[in-house]
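Peer 1: Sequence:
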Amino acid sequence: MKNLSLKLDDDIFLETEKVVEKLGTTRNRYINEALEIYNRYYIRKMLRDQLVKESRAAYGSSRDILDEYERLIDED
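Numbering (this note's numbering), first residue to last: 444 to 519.
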């Protein structure tokens, strides 16, 4: 486990303290779980963004190929 020094905005710290107390967990455990959830969110978001980007690129190529195919059929 890594040690980390962390500065939090006062309002975030106070809100976190309230939640931690109600949950009956440690601040450390709460922050670890929060970061795990946030990391999963951003990993999914990055994958989705990459998929959208690649889908758009493939769509353009597919559309060009389809247009060319239709021109060839029309020439027959």
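Read the hints as simulated data drawn from the structure, not as lab findings.
Certain hints may be false.
In silico DSSO-like links for lysine-lysine, alpha-carbon gap of 30 Å or less [what the hints assert, rightly or not]: (1) Lys-465 with Lys-450; (2) Lys-488 with Lys-450; (3) Lys-461 with Lys-445; (4) Lys-445 with Lys-488; (5) Lys-461 with Lys-450; (6) Lys-445 with Lys-465.
Peer 1: Each hint should be assessed against the structure and marked as holding or not.
Peer 2: Status of the hints after comparison with the structure:
Our distance criterion of 30 Å between C-alpha atoms is met by Lys-465 and Lys-450, whose separation comes to about 22 Å. Of the supplied pair hints, the one linking Lys-488 and Lys-450 holds, its CA atoms being roughly 26 Å apart against a limit of 30 Å. Straight-line distance between C-alpha atoms of Lys-461 and Lys-445 comes to about 25 Å, which keeps the hinted pair within the 30 Å bound. For the given pair, Lys-445 sits about 26 Å from Lys-488 by alpha-carbon distance, which is consistent with the 30 Å threshold.
Taking the CA atoms of Lys-461 and Lys-450, the gap is near 17 Å; set against the 30 Å cutoff, the hint holds. Between Lys-445 and Lys-465 the alpha-carbon distance is near 26 Å, which keeps this suggested pair within the 30 Å criterion.
Checked against the numbered hints above, the structure breaks none of them.
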